[in-house]
Structures are given as C-alpha cells and as structure tokens.
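So the protein sequences, as listed, match chains D and L.
Under numbering that gives the first Met the number 0, the residue at position 156 of the first sequence is numbered 155, and the numbers go up by one with no gaps.
Under numbering that gives the first Met the number 0, the residue at position 90 of the second sequence is numbered 89, and the numbers go up by one with no gaps.
One or more of the hints may lead you astray.
Quick partial rundown of chain D residues pointing at chain L, CB under 10 Å, derived from the structure [to be verified]: (1) Ala18; (2) Asp120; (3) Thr131.
A few chain L positions that, by computed beta-carbon distances, are all more than 12 Å from chain D [unchecked claim]: (4) His18; (5) Gly330; (6) Val396; (7) Ala438.
Hints are computed from structural coordinates only; laboratory data are not their basis.
Idealized CB from N, CA, C, for every residue including glycine.
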Amino acid sequence: MSMTLLFTILTLCLIGIFAAIILYIIAQKFKVEEDPRIDAVEEVLPSANCGACGYPGCRAFAEACIKADSLEGLFCVPGGNECMAQVAHLLGHEAVAQDPKIAVVRCNGTVENRAHVTQYDGVKTCAICAQTYSGETACAYGCLGLGDCETVCPFDAIHIDVKTQLPVVDEDKCTACGKCVTACPKQIIELRKRGPKGRRVWISCINHDKGGAARKACQAACIGCGKCVKECPFDAIVLENNLAYIDFEKCKLCRKCVAVCPTGAIHEIHFPPRPVKSQETTGGPSTAVSEG
Amino acid sequence: MTQHTMKSFPMGGIHPQDHKLSADQAITSLPVTETVSVFFSQHIGAPATPLIKPGDQVKTGQLIAESAGFISANIHSPVTGTVVKFEEVMDASGYKKTAAVIKVADDEWEDGIDLTPDLKTDIPADPDLIRQKVQKAGIVGLGGATFPTHVKLGVPSGKAAEVLLVNGVECEPYLTADHRLMLEKGREILVGIRIALAALGLKKAIIGIENNKPDAIKYLQSLLTGEDPISIQALKVRYPQGGERQLVKALTGREIPPPPRGLPIDVGAVVLNVATCKAIYDAVQKNKPLIERVITVTGCSIQKPSNFLARIGVPIQSLIDAAGGLPEQTGKVISGGPMMGKSLASLDCPVTKGTGGIVVFDAEVARRQDMMDCIRCGKCVSVCPLGLEPYLLAALVERNMLDRAEAEKITNCCECACCTYTCPSSRSLLDYIRLGKTAVLKAMRERQQK
C-alpha cells in the first residue's frame with residue numbers, strides 16, 4: 000500500500016520536473032526581447048487607455064515613443080506636460096510642451112433659452128436622435144441633451160445638468176482626451192486652450208442660421224451681427240456663415256467682445272467680477288448703437 | 000387563386016393591419032398655397048444647380064434647376080409667380096436645405112405642355128429620345144427612393160435587361176396613392192410601361208399588385224389583350240413586398256446579389272413604380288415635367304382620409320387642412336408609410352417628389368413603448384426578409400463592435416422595420432441597425448479610397 004503511494008508521488012514529481020525543464024528550455028529559446036524602457040514609460044503614463052494620443056492604449060503609445068527619434072507629434076493629453084517631461088527624461092529626448100486644453104461646450108440652449116417644439120420618445124442616445132431628426136428644439140445645431148458625451152467620458156468629467164439639459168465639464172477631471180468631441184453628433188464640443196488661471200472666452204453657439212431664424216430658435220444664439228468682430232482689437236474673431244468664432248491662439252482675453260454681444264452668446268469664465276464702473280460702460284456701446 | 004398558392008418572397012415579412020381608409024376616395028386636386036418652397040435636392044445624387052435668381056418670374060413647368068451630374072435630376076417650377084428668395088428651409092427631418100421660395104400669382108403653364116386629358120398611345124421608337132425626355136422632365140422614382148429614372152432606363156454596358164417589373168404593390172399600411180392611380184389612370188400607366196419597354200428594348204413587363212387591391216388587378220387586366228407584352232401578377236399580401244429585392248424575388252424568383260453593390264439589373268430586371276410609369280407617360284406624350292404627385296393623407300382620427308394630387312412645394316399643413324385639419328389628439332405626423340416613413344419635425348416643411356403619404360397618428364398609439372431587455376425569442380430573425388439577425392446587430396452596434404456587425408452583414412439591411420414592429424420587448428432595433436449601417440458604410444468607403 001505504502002509502496003503504491005510512494006511510487007505515485009515519485010512519478011508525479013518526475014513528470015513535474017521533466018515538464019519544468021522542457022518549459023525552461025522553450026522559454027529560453029523563444030524568449031521575446033522587449034525593450035525594458037517600454038515598461039518604464041508605461042509606468043509614467045496615466046494608464047487611462049483613452050486613445051487621445053492616437054494610439055490604441057498606453058502601451059502602444061509607449062512603444063511609439065521609444066521607436067521615435069524625437070517626441071515631436073507624440074503627446075499624452077491626459078498626462079500633460081508633466082508626464083511628457085518624465086517620458087522625455089527616461090528616453091533622453093527633448094520634451095515638446097503643449098498648452099493644456101479643456102473640453103468646451105459651445106451651446107447655451109438651456110431649457111429656458113430654447114423652447115421645445117417637439118418631443119423625442121426614441122432611444123435615449125444623441126447619435127440615434129440626430130439621425131432621426133434635428134432634435135426637440137427649433138435649433139437644428141444645438142445640444143440634444145441625451146448625454147452621449149457623458150457616457151463616453153473615461154474620466155467622469157462631463158455631466159448633463161438636470162436643470163439646463165446641457166453638459167457641464169468638470170474642470171478638475173477633464174484631461175482633454177477628445178472622446179466627447181468625437182462622440183457628439185452635433186460637433187458642439189471643442190478642445191480649447193485652458194488659458195492662464197483657467198480664464199477663457201468663447202462663443203457658446205454653433206448655429207449657422209441667419210440672425211432672425213437663430214434668435215427665434217434660441218434666445219442665446221449667435222446672430223452673426225459682427226459686433227464682436229469689429230470690437231476685437233486683436234483680430235481674433237472671424238464671422239463665417241452667420242456665426243462668429245474666437246481663435247483661442249489670438250485671443251488676449253480682453254473681454255471686450257463679451258460686453259458688446261447683444262444675445263450673451265459669448266461666455267467668459269474664471270475672470271474676477273467686473274468693477275461696477277465697467278459694468279456701466281458695458282451698457283454704453285448698446286445705447287451708442289441705438290443712437291447711430 | 001387563393002392566398003395560399005399566390006406568389007410572394009420566400010423569407011420573413013409581416014402582415015400588419017392594412018387600414019386602407021382612403022381606398023375609395025378618388026384623387027382630387029389640392030389648391031395651391033400662396034407661397035411654395037421648392038428644394039433643389041429632391042432626389043438621390045447631386046443637388047440640382049439653380050437657373051433662376053430671386054426676383055425672377057417663373058411659369059408652371061419652367062425648368063428652374065438643372066441636373067448636376069449623372070445621378071441628379073432637373074427641378075421645375077410647380078407654379079406661376081415670382082421667386083421671392085432662396086432660403087434654408089426645414090425638410091421633413093428638421094434639418095435645413097436650400098429651397099427657392101416662390102410667391103404664387105397664377106397658373107400659367109409653360110408653352111408646349113399638353114394639358115388635355117386625351118390618351119396618346121403612339122410611342123416614339125427612339126430609345127435615346129425617350130431617355131432625353133424623361134431626363135428633361137426631372138422624373139425620379141416615386142416609390143420613395145427618388146432615384147433618377149433616366150439612369151434606370153439606360154442599361155449599363157456589360158449588363159442585359161430581360162424584364163421590366165412594375166411595382167403596384169403598395170405594401171405599406173394606410174397608403175392608397177398608387178392604388179387610386181392604377182384605378183383612375185390605368186390607361187396612362189400602361190402607355191408609360193410601353194414607353195419604358197421601348198426605351199429598354201424589352202418585350203416583357205410584369206405588374207406586381209398585392210391581392211388586397213382586387214379592383215385594380217381586375218381593371219388593369221381588362222385593359223390588356225391576350226398577347227400583350229404586359230402581364231399582371233397578383234401577389235400575396237405581405238410587407239415589405241414593395242421592396243425592390245423582395246419584388247424581384249417574388250415576380251421572377253431571382254435573387255439580387257447582396258447590397259450595397261447588387262442592383263436589379265444584375266439579374267436582368269428593371270423595377271419602376273406605377274406612379275413613375277404615369278410620370279413617364281406625362282413626360283414623353285404630354286411634355287409635362289414632374290411638378291405634382293398623388294399623396295395619401297390619412298389616419299384613424301383624420302376627418303376625411305383622401306388622395307390628393309398636390310403640387311411639389313406646398314406645405315404639408317395645407318394637405319392636412321384639406322383633409323379636415325389636424326385632430327386634437329395627434330401625437331405624430333408621419334411622412335411616408337407608417338413602416339418606413341419619418342415622423343415630421345414641423346408641418347411647415349414642403350412636399351417633395353418623394354412624399355408618398357402623410358399619416359396622422361394619435362398620441363396614444365404613436366408613443367413608443369419603453370425598451371425592455373431582449374428575451375432572445377428570435378421573432379426579429381424570423382421576420383427579417385434578408386435573413387439577418389436584428390437582435391444581434393443591434394446589440395453589436397450598442398457596444399460599438401462595428402467590425403463584427405460588418406461581418407454579420409449589417410449593410411444588407413433594407414430598413415423595412417419588420418424587426419422593430421415585431422419585437423415583444425419594444426426594442427428600437429432598426430434605430431441601432433441604421434446607426435451601425437451608416438457607420439459601417441462610411442468606414443467601407445474610407446477603406447476603398449485608401
């Protein structure tokens with residue numbers, strides 16, 4: 000009895016040792032030489048696998064960084080300059096710095112500003128709503144409010160506000176990976192420069208209709224009047240197809256355009272409140288226009 | 000012939016209640032409104048190039064926009080009056096397209112258009128002349144797809160046409176426009192078919208009509224002689240028999256190669272709708288361009304379900320007003336049939352060449368049920384006329400697995416909506432499939448360009 004037991008255990012041990020030797024030999028023979036720097040770079044990356052760099056996941060990006068001669072054109076958006084500096088240090092390259100960006104919602108068609116004229120009872124995704132028709136409001140360009148951007152965000156950084164039915168970007172969480180930009184069927188979201196101290200000025204509308212039609216559909220629409228274009232001292236605003244657009248590279252954040260916009264389509268954020276005196280002057284231009 | 004032995008397509012399909020409320024209503028002319036809006040793009044293919052400018056005077060039937068390319072169609076003025084402006088006008092889906100807004104003054108027709116009701120049976124022998132006339136008149140497929148007809152009447156090199164199939168199926172519930180047209184303009188339709196036969200150089204045409212229109216079958220049959228090249232085939236009542244693929248299969252037994260490439264001509268068939276044949280007759284025999292069409296306005300709560308001969312460009316509101324106004328309890332107004340039509344975003348949008356019907360639904364009936372989980376009952380699979388697995392395709396699209404959806408032949412879908420109709424969990428299968436189909440087709444095109 001004990002002999003049988005001993006024999007069985009010995010046989011199993013021998014098989015185990017034999018298999019281990021074979022596996023060791025095979026592992027040595029077919030060993031994949033991998034650059035250890037790939038692991039090192041991947042360690043530095045944020046591991047969000049968001050694809051904002053244009054590569055399928057962080058490891059693929061790390062491999063691309065190692066293969067490349069310089070880091071030009073390679074940038075981890077969520078990691079930002081800090082992360083890229085670390086990558087550059089590891090690989091001995093020069094880091095190419097980029098201005099930090101953030102997702103900006105270019106629609107201010109809140110429930111108050113934009114009356115609902117129809118009711119959508121289909122599948123609650125923007126993609127299907129947009130292929131079915133132009134949306135519940137009379138504005139064919141604006142936000143549908145069904146939250147495809149919210150669903151797609153890997154950082155939980157964008158949410159539909161229950162009251163306004165518009166997406167709100169969480170400044171601390173948004174990494175400007177651009178997933179919401181591609182998910183939005185109406186192309187409302189844009190990646191813009193974060194700006195010094197987070198200060199930004201942008202036109203919160205993408206309606207290309209003529210002034211009257213745009214205003215009828217939404218009270219906060221850009222009516223293409225061109226006042227901001229004339230006001231801007233830096234030629235940063237262009238008016239095309241009844242819609243003004245602020246070039247964030249040229250904009251010096253003087254906020255003169257915000258003051259003259261008759262519909263309030265131009266938004267500013269993180270600026271200190273205007274002194275009372277300048278608020279009076281904001282009323283100035285509009286009266287001047289009515290006189291002229 | 001009983002329903003049992005009658006011809007039909009072999010796979011899938013449904014039989015919704017047909018509600019043909021306006022089947023006994025003769026076609027009446029709809030009065031023209033004060034202004035009309037005529038889109039420059041009312042067909043598949045390139046939008047037509049405008050030949051007029053704001054301020055111009057136009058006559059009824061005058062060419063106002065010229066076909067811009069091989070697959071494109073001419074647009075004619077449906078009224079006499081002044082072009083007020085070019086404007087971005089909301090189309091049926093709420094998106095804006097360029098249209099000419101014309102203020103109506105009178106109804107003076109362009110010279111050379113024969114407005115007498117006399118039947119002209121002598122057919123021009125030259126196929127090129129016929130194609131030219133059809134192209135000039137801006138005729139597009141009136142079954143709903145609005146494909147330019149002159150392209151269909153020319154057989155591409157390397158292909159051979161054997162038979163002309165005429166679509167008088169009208170399988171969509173509620174719609175009766177084609178039914179009435181067959182009853183009232185049967186003779187003109189038959190001449191139109193003979194013209195199409197001459198253009199294609201064919202000796203055989205089959206008119207397919209579903210068996211719920213026995214009066215139309217009987218009437219057209221009575222107009223045919225024994226050895227006529229045209230014959231009539233009664234078909235079993237089944238949706239989507241009016242689909243090109245299903246009709247070709249039902250009438251000839253042949254299978255068109257899978258989309259997006261396959262066309263009826265690949266199996267030697269050319270398919271034209273009965274209304275298109277009537278338009279061909281008007282164009283070739285009477286020099287009359289396509290500026291009006293028959294539209295059914297119907298719905299269970301509509302006071303007077305009717306069939307109107309309406310000018311292109313009149314607002315849909317005017318059609319509904321003429322049928323007794325919009326009922327209070329209305330939930331949705333559908334342009335097209337209830338199966339494949341689209342819910343209108345606004346009643347101000349104008350009638351186009353593709354508008355075949357306006358169906359008004361009560362709010363209670365129209366509301367979509369809440370979507371529940373798929374219970375894998377397989378009903379959608381059994382009704383799909385193309386043998387697809389709609390539940391799977393929808394799930395794949397929902398999870399953004401488009402490669403797999405392409406492998407499962409999502410591009411074969413003809414969007415007949417049988418799957419959504421039959422789903423006991425009220426899943427919006429077609430919405431997902433359509434979304435995926437568009438994305439896959441786009442990806443395929445991009446791959447081809449590379």
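Next item in the hint list is threonine 131 (chain D). Is there a CB on chain L closer than 10 Å to its CB?
Holds: closest Cβ of chain L sits about 7 Å from threonine 131 (chain D), inside 10 Å.
So is glycine 330 (chain L) really clear of chain D, every C-beta pair being over 12 Å apart?
violated, 9 Å
Exclusion check [histidine 18 (chain L) not at the chain D interface, CB over 12 Å]:
holds, 22 Å
Does the nearest C-beta of chain L fall within a distance shorter than 10 Å of the C-beta of aspartate 120 (chain D)?
Since chain L brings a Cβ to about 5 Å from aspartate 120 (chain D), closer than 10 Å, the hint holds.
Against chain D, does valine 396 (chain L) hold up as non-interface, every C-beta pair farther apart than 12 Å?
violated, 9 Å
Hint status (Cβ of alanine 18 (chain D) to nearest Cβ of chain L, threshold 10 Å):
violated, 38 Å
So is alanine 438 (chain L) really clear of chain D, every C-beta pair being over 12 Å apart?
Per Cβ check, alanine 438 (chain L) is inside 12 Å of chain D; nearest 9 Å; violated.
Consistency with the previously given hints fails for numbers 1, 5, 6, 7, ordered from lowest to highest.
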